[in-house]
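Colleague: Make the full structure from the sequences, and use the hints.
Number of protein chains: 4
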Amino acid sequence: MTVSREVELEGHIIDSGMMQSCFGIIMDLGGSFSVQEFDIGRHKDEESYARMLVEADDEDQLQSIVHELHQHGVNPSDPKDATLVPAPDDQVVPHGFYSTTNHPTFIRHNGEWIEVEDMEMDCAVVVEDGEAHRASEQSNGDDEEPRDYPRAYTKVLNAIEEGDMVVTDETGIKVQPPERPRDSGGAFGFMQGGVSSERPSESTIRKIANAIKETKKEGGKVMAVCGPALIHSGAREDLARLVREGYVDMLSAGNGFAVHDIERDIYGTSLGMDTESLDHPRHGHKHHIYAISEVIREGGIEEAVDSGTIESGVMYECIENDRPFVLAGSIRDDGPLPDTITDAVEAQNAIREQAHEADMVLMLSTLLHSVAVGNCLPSTTRVVCVDINPATVTQLLDRGSAQAVGMVTDIGTFVPILAEQLLDEE
Amino acid sequence: MTVSREVELEGHIIDSGMMQSCFGIIMDLGGSFSVQEFDIGRHKDEESYARMLVEADDEDQLQSIVHELHQHGVNPSDPKDATLVPAPDDQVVPHGFYSTTNHPTFIRHNGEWIEVEDMEMDCAVVVEDGEAHRASEQSNGDDEEPRDYPRAYTKVLNAIEEGDMVVTDETGIKVQPPERPRDSGGAFGFMQGGVSSERPSESTIRKIANAIKETKKEGGKVMAVCGPALIHSGAREDLARLVREGYVDMLSAGNGFAVHDIERDIYGTSLGMDTESLDHPRHGHKHHIYAISEVIREGGIEEAVDSGTIESGVMYECIENDRPFVLAGSIRDDGPLPDTITDAVEAQNAIREQAHEADMVLMLSTLLHSVAVGNCLPSTTRVVCVDINPATVTQLLDRGSAQAVGMVTDIGTFVPILAEQLLDEE
Amino acid sequence: MTVSREVELEGHIIDSGMMQSCFGIIMDLGGSFSVQEFDIGRHKDEESYARMLVEADDEDQLQSIVHELHQHGVNPSDPKDATLVPAPDDQVVPHGFYSTTNHPTFIRHNGEWIEVEDMEMDCAVVVEDGEAHRASEQSNGDDEEPRDYPRAYTKVLNAIEEGDMVVTDETGIKVQPPERPRDSGGAFGFMQGGVSSERPSESTIRKIANAIKETKKEGGKVMAVCGPALIHSGAREDLARLVREGYVDMLSAGNGFAVHDIERDIYGTSLGMDTESLDHPRHGHKHHIYAISEVIREGGIEEAVDSGTIESGVMYECIENDRPFVLAGSIRDDGPLPDTITDAVEAQNAIREQAHEADMVLMLSTLLHSVAVGNCLPSTTRVVCVDINPATVTQLLDRGSAQAVGMVTDIGTFVPILAEQLLDEE
Amino acid sequence: MTVSREVELEGHIIDSGMMQSCFGIIMDLGGSFSVQEFDIGRHKDEESYARMLVEADDEDQLQSIVHELHQHGVNPSDPKDATLVPAPDDQVVPHGFYSTTNHPTFIRHNGEWIEVEDMEMDCAVVVEDGEAHRASEQSNGDDEEPRDYPRAYTKVLNAIEEGDMVVTDETGIKVQPPERPRDSGGAFGFMQGGVSSERPSESTIRKIANAIKETKKEGGKVMAVCGPALIHSGAREDLARLVREGYVDMLSAGNGFAVHDIERDIYGTSLGMDTESLDHPRHGHKHHIYAISEVIREGGIEEAVDSGTIESGVMYECIENDRPFVLAGSIRDDGPLPDTITDAVEAQNAIREQAHEADMVLMLSTLLHSVAVGNCLPSTTRVVCVDINPATVTQLLDRGSAQAVGMVTDIGTFVPILAEQLLDEE
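Protein sequence lines, in the order shown, are assigned to chains A, B, C and D.
Residues in the first sequence are numbered from 165 upward in steps of one, following this note's numbering.
Residues in the second sequence are numbered from 165 upward in steps of one, following this note's numbering.
Residues in the third sequence are numbered from 165 upward in steps of one, following this note's numbering.
Residues in the fourth sequence are numbered from 165 upward in steps of one, following this note's numbering.
Accuracy of the hints is not assured; some may be wrong.
[As the list claims (entries may be wrong)] Derived pair list, reagent style DSSO-like, types lysine-lysine, alpha-carbon separation capped at 27 Å: (1) K385/A with K371/A; (2) K385/B with K319/B; (3) K450/C with K319/D; (4) K450/C with K244/D; (5) K319/A with K450/B.
Calculated directly from the structure, the hints in this document are not laboratory data.
The structure displayed is predicted, hence computed values, not measured ones.
Modeller: This is how it looks when you write it as structure tokens:
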């Protein structure tokens, strides 16, 4: 005797590979299927629709197939409500909790589909009916804008509170992997193959510049995630211009980036090398530790800008032009600066908040911070990864954003050419 | 009119390049010199001695030359006491404070040379006369073992307290860069050239195994700094054996390393792949988040070992055999585990404590944690860096340990061959 | 008015992605289609079959769609004979000649499908009816074994002779891309994802060893393509054992590989370093040029083995055990050895002959020679690529063999572990 | 009883590390020494002079020490004539022949020092007295310009002819390693440390542009060694401009470079990708093989330019502006083009001839051709190596040119910025 379930596929199911994955999953897991309806989009802009009956030997096998299918965007044609189980303790999720992807996700609750807020991967999903919230709102006089209830949103494991209603199992969950329509004409319809340094660099940078302009024109926000190599390679002044002129709205970096940016301002060096003359002044290797010491003395970067100790650079432009920044600490930091958030969980929360506001993210020569930001991004945010190490670009692109573009190039020539495209050719 | 100062060089000043650096510095900075005594060691075991008169146009130039010389181990033949200035505030060092190298260093105080304790680079040096300490000792009934006073020790910038007597300027400081005697016969007299993957791998691993045996025979402690690639590449069981058999005394790693080690125990996978059959079981990509959830539920790794949830692996052997470990958090962590220290400064302090106890450090496939540990090591600790990425090995060796050996190889074959050399060939 | 053509897809058309590519191509090129028959293999071992009507606006567009489809293995259901045009001159192909893929290919000639011999990519296909050949056979008394006619075979551009009947256009050509059946159970059903060093090394080597054993059991031939890094990294003795014991039947390498192998035998060094003690004997950097000089003096490698000048190593075992080798020259060679084929076209021909005999190819730490061999391989030959540089492995895997397995590891530990698996565990 | 010999060191013996190497060699090889005269240059522009007595236990040991010393530029203060032995056969050198470095070298013959012509490494040195040559000159009516005799010049092993008088042993040979005077002020007084991508890119390119301008101003010749990545990365048009405007006088490349340059001209693609729009036109992957076929049809690149088949690009500008080029074949070539020299020895000879004329060499994204060219360069030629892979840059710099500058950057942004510096800012 076999058991069966009807499922549906919608969208660019051929182009996106969804149909192929779906057939493969069923066969891999020992099931079989019959296609009951198959309406293929004949033109590149048309979406397709397929309805299939999935068959398996027993309920367990069927569950397992349906679980995998729905991770790939195949959803039951006759859905039920999601299963909610209260968290037994702070930071403790119920057994079998649903761990998220970074794709847009919907939870079925009381017969309605609710979109999950703040999508990011490897989180739990909490559903709130509103009563508890309204109660707490009254008591603490919280005056944030009223929300629609019920709502569903992601929570990282360490933010789970006892009693949170956590989605478990697979039932009542719909995932929509973004599609990569071929020949989309959009700014990001290029370069989605493998990662290689043998690509036309100037043409690619022009396309990235266009995507930034488009994002700004749509009122979107651009976030730059920056590693210290950006300073060492001499791209500091051009990035500072992009911050000043409003092409970069937010900055995410580490302690080292800010230190070397400030070292360059105060001492004219980066890692002890004069980035103009390429000389190594004596004492240069101590400049970064002196720079930290000066900022600690002032009390922080903003104070050091106000007092005139810092007079130029990326951090300076952030302060002067009100571009918010997050400096996340790490165990290899010297100092650190007073502005650096040393607690990893606290820093993740600050990064998360920024990431959720960003419409386009430039990941510039930093693996650690890019991964941290990438972890918090929904798969629908535009991402550009630039690094001279192909392995870094590959690792970042592999994290599954359908909107990610990678470029293996020299950050020290990339940023100046990008700035030229954005600022000098207007 | 010129000013002059007499300086001395001692040790393997030719082999170590000290003499060449010294002549170069004087000439670069516009000074001149006359060699007053030059006793060259004619055989490889003999040390040399040179006494020179350094001349400059004015006192400033002379200061600057003497500063650089003493960074390279050249010391005035007629020394004065070090200059001590009290720190004006917590975390604030006096202007012109002396920022350390990682070489053995001595401070002249009341006419005596005191060796600086806990040498590591980029720190301030604090000198304590004993009175303050003895006072505080009495009041808080502190019963730690009595120390000799006066003492000098390093403090990182964020640990400076108001009133600490901080060494400033260059006077009264002696630095001893370790020498690399050629053909030393010691375990580490090999492979100190550039970094390359085209080196005889098995012979090199045999030499590293011998150095570990030698360290253990001398009663020394071996510390392993481990990245998650070690687990993914299948080397987990062999590293666990090395921990169990006492060839690894301490562990320094990140949250991810422990998570994947535990994932392997509970689910048989690492990053979702079965490391034996190389299959990717369904749900595999969720295993790491489930593993974290299980440990949080238990309250920590030790509790999870005690309850039988974790039954094998590197973390298991650390718990069972009382090998202390530090798990340092980072912004890319999932979870994290309850054992992970999320604050970067707190984690650095825990790493620092471990590092100061280690006599030999194996840096295995992690750049972040290796740099963090390396920052806290004196230049006299034996260090082995293993990574498949030559850039990582180069970056670690560049940090200036004279005892560092680098190997560009596959951690997944390195650890098994090392374990075979240490355990099976006894 | 539209034009249309009926095409067929057969095989694992879903798993292999063929169906998806096919739909994509039609839509990209502005055509449309209707699926007339679709018989999906419900189980993983079943093949599928689909028949579709492709429609386009005009004949040009239809040609272009059908061209692309058939490159991906989609063939007209009503085929015509291939178009043959004589080559106008030596080395000159007719306009519009068909340039091959490396997949199995069939040419329709006189209503019959003939399989193209010696498949390799980027060649022309020549069809021979037999008369010309028989004529030339008689005249030159050529006594090679008689062949069946008509036959079709590949020719590289520089081998084309005036009058060769060259296949042009797309008509009458059938291509069969190999399929990657999921979960095939075969030795090569592993590791076909991206390239990474974070893979379980020992388990992977065990699988490769099993594939070699299987190839030998089936009476197949194993070819090793070797770079000099293999010698420098200390793997020479273990490769020599594999040659002696018959696990390597043929060798393809460059002048440098043989020189360093022989240097090791005569002087005990490789690139001047003693691979056991890791010392650099004085004069070591001249050893390779001396080794070349000695072999030139003897007249060649075989003569040097016969005279006792060479007494061990990979080249020695090749001579002693009659394993044929090709040493291909390059512009960076010293010497070269008398055995090295300095003409690139002649060397390609020698490599081509070897490659066509191989059933399994081990590409060990050489990009240049691996690409040269890979260019001559049909897509059905098993290929293993091993290199410590991920970019090299990626580049080799990208050349499109469906049977290729890549491993990012240290050749100096890979070969010893492989030899242990094959020789010591019997 | 000991034996001894007096040796001399001259030049920047401290700065260049010569003195340190020299002391180290003597001690390593078990000898001892006394410094008899030591005149240290007190200022950076002054040269130093030292005279030492080297002592050893026996003549063998002394020989061995003196051999090593003279490889490092230390020469006997009482020199004898070089030992000349006739080559016993074509391509066969006498036992104990002297194998060259790439440093300027002098041979003592009849009491006079003769500078060795055409210095390159790993060659034999042949001394000619003039009689033989004059005889052959007369017989064949050779009208090349008369030379001074005696002369000494390098010969690669395969060019040795029976009877050539080959220098053997170490006697009567003087080597002058170039010195790296600190703070030289010259165009190449920068960036001689390790290789890293974290360097100020634009400033470095400006310095390279200045060095090219200086070379041209001095009447020197600039040679570009180019890999196909240059075309793929979109730098073709800017390199073509540099050829046209006379900043590149000679070109050395492989078949692939020329093929992709011509593919771009005829089909608008490189490796099948449109380098402007980044699209992949259908059939694109066949364009390179079609391009080869077109050039073969014409008979060569010059013919294809003359007939109007090729109308732009690097090869086009070479033909139009009479910039000589060498295309060296390799076993991975398709085609090859009729212009490609397929024999490695013949190609080396063509490269050698070019290399000896070059005053500055730009090595642009090719390891194979750069090594081949580098092998033929004396250590006094200015060399710039640019590649995105740090391992390639390191390997090229390691070959020992004192004038080499390495840069890890994207060739696709490097060439446009260089062209801008040279052409647009005049």
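Colleague: All the hints need checking, so say for each whether the structure fits it.
Modeller: Against the structure, the hints come out as follows:
1. Taking the CA atoms of K385/A and K371/A, the gap is near 18 Å; set against the 27 Å cutoff, the hint holds.
2. For a cut-off of 27 Å, the pair hint linking K385/B to K319/B stands: about 24 Å separates their Cα positions.
3. Distance restraint check for K450/C and K319/D: the Cα-Cα separation of roughly 16 Å lies within the 27 Å cut-off, and the hinted pair is therefore satisfied.
4. A distance of roughly 23 Å separates the Cα atoms of K450/C and K244/D; the hinted pair therefore holds under the 27 Å criterion.
5. Between the alpha carbons of K319/A and K450/B the distance comes to roughly 16 Å, so the proposed pair stays at or under 27 Å and holds.
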